[in-house]
Amino acid sequence: MDQLLALEPTSGPRSLLDRLFDQGLLVRTGVDGLYGRSGDFESVVEAVDRIATRLGAADRAESLRFPPGMSRPAFERSGYLKGFPNLAGTIHCFCGNDADHARLLACIEAGADWTGGQAASEIVLTPAACYPLYPVAAARGALPEPGLLFDLQSYCFRHEPSLEPTRMQMFRMREYVRMGSPDQVLAFRELWLERGTAMMRELGLPIAVDPANDPFFGRAGRMLANNQRAQGLKFELNVPVNSEDKPTACLSFNYHQDHFGTIWDIRQADGEVAHTACVGFGLERITLALLRHHGLDIKAWPAAVRDRLWG
Amino acid sequence: MVVPDDIRETLKSVAALSETTDSLGEDDNLFDKGLDSFGSVQLMLALEERYNIEFPDNLLNRRSFSTIRIIVETVSKLTVSAAA
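Protein chains in written order, with numbering that gives the first Met the number 0: chain B, 0 to 310; chain P, 0 to 83.
Don't read these hints as lab results, they were simulated from the structure.
The structure displayed is predicted, hence computed values, not measured ones.
Beta carbons are placed, not taken as given, at the ideal position from N, Cα and C, and that holds for glycine.
There's no promise every hint is true.
To be verified - Listed next, with one range per pair, are the computed distances between beta-carbon atoms: (1) P:K32 - B:R13: 36 to 44 Å; (2) B:D112 - P:E25: 37 to 45 Å; (3) P:A81 - B:L104: 49 to 57 Å; (4) B:F93 - P:D56: 42 to 50 Å.
For reference, chain B alone in the conformation it holds in the complex (with noise of 0.2 Å):
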């Protein structure tokens, strides 16, 4: 409680951050980029959901829902540490015997790091919703003809402490997932870039869908980064939030070309591999553009923005 009570700001002006504590909001835990959610905001949250539900009914994907924690092995496997090393979070266990526990009481009772016993296990965070579904996608064999679609949804993490509200460690991820040939998976995301404007242009906010790249780490990563953007294959819908300059990635649409499709052996009908397209909804981020748009009063959001909604 001590730590929590001296991250209280004294004075200066309120950042968006600041003012989401102060409405209680967002809930302080003591780290940057991990915050509790109050009813207000959950309630947000849940209605964004339902509208990504609505928007993609008709297309009957299978809905699946994965823990935020996945296989190492499958991890591994899936090349995210080839380019996102510094944002992969691992769960490392206590693996030791009564007197290693010993050793790690002390350890905390003399305020020394107690953490270099611990043991990787068989989990790491979940990093992206879609990361868990690829090899059970795969274990089921070649795609049907008309290829596969999935509505996923998933609490992630990624190792970015952040002051900017949009930036959080810990944050879900709602996403439509495509498995198929490259043409049905590029209809795919063609369609989604559609309702996701729509979307989000009926919520009344202010908008940009731009080229992008992931945050691909070092040097190696800028090339990965700069060949991301010159293929276009992530495109990105912005909404002003922490400024006008550095607007926020709240809906990402996303071509894998064969990625996971080659790393996980998914075939289509006719043997080849398999392509694969997302369109991600970042579920706190577009909150956080609807708090800072609307105002942080949610009973005082516009009467067209509230029914689309809740009505």
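Got chain B; can you put chain P on it based on the hints?
For chain P alone, coordinates are given in the frame of chain B:
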């Protein structure tokens, strides 16, 4: 002096191309022949190590690694710069 066969030798270290390297023409598009994004990063790192060079940011793109001819030209320029 950098010659195409030197580059072919380096390409053998890239898994996606290791089997087909000897049959690659100088103007064949390596991405059409199986090179992917991660493979191009492997190739960049292998070239940097072999020739003791560093690709500047403006060359960190697909075009720089798209054909053996372009790689020869690029690496030649960078080795000259490094020696100057």
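Is 49 to 57 Å a correct range for the gap between the Cβ atoms of P:A81 and B:L104? Between P:A81 and B:L104, where Cβ atoms are some 56 Å apart, the hint holds.
Does the beta carbon distance between B:D112 and P:E25 stay inside 37 to 45 Å, or does it fall outside? 56 Å, violated
Range hint compliance [Cβ, P:K32 to B:R13, 36 to 44 Å]: Given range 36 to 44 Å: violated, Cβ gap about 57 Å.
Cβ distance range 42 to 50 Å for B:F93 and P:D56, holds or violated: Holds, at about 44 Å.
Going down the numbered hints, you'll see the structure goes against 1 and 2, while the others check out.
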